[in-house]
Amino acid sequence: MDKNLKHKSNRVNSGIHFMLGNYAVVEGALAVGCNYFAGYPITPANEISELMSKRLPEVGGIFVQGEDELFSIYSIIGASLAGAKVMTATASAGFNYMQEGIGYASAVEAPCVIVDVQRCRGENFATQADVMQMRWGASGDYESIVLAPSTAQELFDFTILAFNLAEEFRNPVIVMSETTIALMRERVKIPEKESIEIYKRMYTSLTPEEYLPFKAKNNSPPEFAPIGEGYHNLYTLNYHNEDGTIDWDAQGYKKLYQRITGKIRENKDKICKTELCFLDDADVAIIAYGSEVRPALDAIEMARNDGIKIGMLKLITVWPIHENLIKDIAKNVGRIFAVEMNIGKYAREIERICLPFCPVSHITKNEGIIHTKEEIYKAIKEDLS
Amino acid sequence: MKEKINPLRKYIRNGKLPHFFCPGCGCGQILSYFLRAVDNLQLDFKKIVTIGGVGCTARIPIYLNTDSLHGVHGRTLAWATGIKLYRPDLKVVIFAGDGDLVSIGGNHFLHATRRNLDVTVIMVNNFNFAMTGGQVAPTTLFNSVTMTTPYGSKENTLDVCKLAVCAGATYVSRWSTAKPIQTIKAIKKALQHKGFSLIEILSQCPTNFGRYALKTSDTEEVLKWIENKSILKTKAKKLSEQELKDRFVLGEFIHKKRPVFQGTTFLKEEDN
Numbered sequence: 001m002d003k004n005l006k007h008k009s010n011r012v013n014s015g016i017h018f019m020l021g022n023y024a025v026v027e028g029a030l031a032v033g034c035n036y037f038a039g040y041p042i043t044p045a046n047e048i049s050e051l052m053s054k055r056l057p058e059v060g061g062i063f064v065q066g067e068d069e070l071f072s073i074y075s076i077i078g079a080s081l082a083g084a085k086v087m088t089a090t091a092s093a094g095f096n097y098m099q100e101g102i103g104y105a106s107a108v109e110a111p112c113v114i115v116d117v118q119r120c121r122g123e124n125f126a127t128q129a130d131v132m133q134m135r136w137g138a139s140g141d142y143e144s145i146v147l148a149p150s151t152a153q154e155l156f157d158f159t160i161l162a163f164n165l166a167e168e169f170r171n172p173v174i175v176m177s178e179t180t181i182a183l184m185r186e187r188v189k190i191p192e193k194e195s196i197e198i199y200k201r202m203y204t205s206l207t208p209e210e211y212l213p214f215k216a217k218n219n220s221p222p223e224f225a226p227i228g229e230g231y232h233n234l235y236t237l238n239y240h241n242e243d244g245t246i247d248w249d250a251q252g253y254k255k256l257y258q259r260i261t262g263k264i265r266e267n268k269d270k271i272c273k274t275e276l277c278f279l280d281d282a283d284v285a286i287i288a289y290g291s292e293v294r295p296a297l298d299a300i301e302m303a304r305n306d307g308i309k310i311g312m313l314k315l316i317t318v319w320p321i322h323e324n325l326i327k328d329i330a331k332n333v334g335r336i337f338a339v340e341m342n343i344g345k346y347a348r349e350i351e352r353i354c355l356p357f358c359p360v361s362h363i364t365k366n367e368g369i370i371h372t373k374e375e376i377y378k379a380i381k382e383d384l385s
Numbered sequence: 386m387k388e389k390i391n392p393l394r395k396y397i398r399n400g401k402l403p404h405f406f407c408p409g410c411g412c413g414q415i416l417s418y419f420l421r422a423v424d425n426l427q428l429d430f431k432k433i434v435t436i437g438g439v440g441c442t443a444r445i446p447i448y449l450n451t452d453s454l455h456g457v458h459g460r461t462l463a464w465a466t467g468i469k470l471y472r473p474d475l476k477v478v479i480f481a482g483d484g485d486l487v488s489i490g491g492n493h494f495l496h497a498t499r500r501n502l503d504v505t506v507i508m509v510n511n512f513n514f515a516m517t518g519g520q521v522a523p524t525t526l527f528n529s530v531t532m533t534t535p536y537g538s539k540e541n542t543l544d545v546c547k548l549a550v551c552a553g554a555t556y557v558s559r560w561s562t563a564k565p566i567q568t569i570k571a572i573k574k575a576l577q578h579k580g581f582s583l584i585e586i587l588s589q590c591p592t593n594f595g596r597y598a599l600k601t602s603d604t605e606e607v608l609k610w611i612e613n614k615s616i617l618k619t620k621a622k623k624l625s626e627q628e629l630k631d632r633f634v635l636g637e638f639i640h641k642k643r644p645v646f647q648g649t650t651f652l653k654e655e656d657n
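Going line by line, the protein sequences match chains B and U. For what it's worth, the numbering used here labels the leading residue of the first sequence as 1, then goes sequentially. For what it's worth, the numbering used here labels the leading residue of the second sequence as 386, then goes sequentially.
Each hint should be verified, as a subset may be incorrect.
As the list claims (entries may be wrong) - Incomplete in silico selection of chain B near chain U, CB under 7 Å:
1) S195
2) I196
3) G228
4) G230
5) H232
6) N233
Please keep in mind that the hints were generated in silico from the structure rather than gathered at the bench. All C-beta atoms, glycine included, are put in the ideal place defined by N, C-alpha and C.
Full structure from sequences and hints, please.
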């Protein structure tokens, strides 16, 4: 398709920018090759659609503002099955509507990227309250891949990563943005075009007569054949055989969902990304994700000045959860602090993994505003005294 | 002796007949009407995408040897938009029941017609939600008894063709399973039309609508009921609104040209 285009501007805006977080998402998507985007107005995600509507046509893509978020999610899935690299962006309330489509995309293994700029219910204040919905929002069995950026730079970087993971595993990938970083301007360095890694979806080399759309190795996605090339694939939400047709078979059903969830679960070590901060000599550790990483790092500096040997595990991949690594850390420290901006949701998941090995303290804040470093520092001090 | 094979059989996904429709259901007829139209036009089946949501009608695509999407209620036009904008060279055909298209999918329907999305929609109107057991639908006639209107429906009926014309569709017609020649002709016209085309096909559902609303499970009786209530557009012109109450006007309601929807893109600036 790309050969027909008149390129009116660059996909990759290489250089150093002072850039809005939402814009960094757009630049990341364009740099990695996004060519179909559908959105629906919602604050605080609007800047993504706005810049996309201008930039995407310029680089040969298609932008649509639909009638609702259900349109957004299903139209990107339709385009994805036709071979496009697709994205949509929304905020928490709109993310609710998209759950239905996320379930379908998981079932038919349609690669797509969804950006959720989390906000408080009905209000545009900061929160990380959707963290469990990212994982459990849709009906039926599936596994999500969810990335949590903490800076505008990471919004750029992780959007690229999200596309690559979506294309590799043929699964929806969610970029878990937040009001805090989406509406903040920061330094963003966009590298040269050549140094941007792009994963190309695995297309089948088989003929339509040989090809089965859902035949795949254990814990792997099937090879792809786009719509319109004579492969006559049936993409149904219903239980489908390897040839895509609907024919209930209990063992087949079990096997299908073992593979669809297994391709994420059994590839955790490949998918999960984290950063270890000051953990080498740590007696206690923070586990944080998203924008909460920022005050947490500052609090670590304050605590270390007091002689507390504290480090942090920063989760880049929130889902799937990096169970083994968290377990290892729990075995080596005396206490874990789960820092997040909601009523304490992911903290329970951390407890589930850590509790046999060390106690877990919740440092949560649910006031529509990010923690200050002092708040985190104070909570740590109180807990340790 | 050589076994006779229906020449339309080549369009059916391997081994997927007999279909699952109830005895007497109109969906099998409509599947056949569609294939006759495609065969007659000699369309390239590889370049056709068929889409169904959820419901009886929505199952038609699963028997067709095309690329198909199926299984989510009401979202057919959203899928279709993504496919059609990315691959404008493909012909997208949607099979939807009345519930799928204008109840849960009503919003998508309004906006796809408004935009003049270049797709063909075959809406099968059997006056109820059939697959779920015969509940009231937006197309159910006033006072009809269904599984969720035991005292008779007290809601007005939605005229989907009128709605489509108002919203901006560029080809709209209504026929019934009892009128195969006209229906096939209309499907052929719709498939050749560039823009949003809708064919509403009134169809018998003896299993549910027949039994509950008409108190008969006899296919012929249900067909007769549709036929007796049907009136050609040319004849309907002479009747008053009161006389046309609870009648089904058959015919072509609009056929015109208008630029088709392409999304925001510099990719293909076609003259429409």
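Hints versus structure:
Annotation: interface hint on B/S195 violated; nearest CB of chain U at approximately 28 Å, more than 7 Å. Taken as an interface hint, B/I196 does not check out: its beta carbon lies about 23 Å from the nearest beta carbon of chain U, beyond 7 Å. Hint on B/G228 holds. Least Cβ distance to chain U is approximately 5 Å, under the 7 Å limit. The closest approach between the C-beta of B/G230 and any C-beta of chain U is roughly 4 Å, which is under the 7 Å cut-off, so the hint is satisfied.
Nearest Cβ of chain U to the Cβ of B/H232: about 5 Å, under the 7 Å cut. The hint holds. At its closest, the beta carbon of B/N233 sits 5 Å from a beta carbon of chain U; the interface hint therefore holds under the 7 Å criterion.
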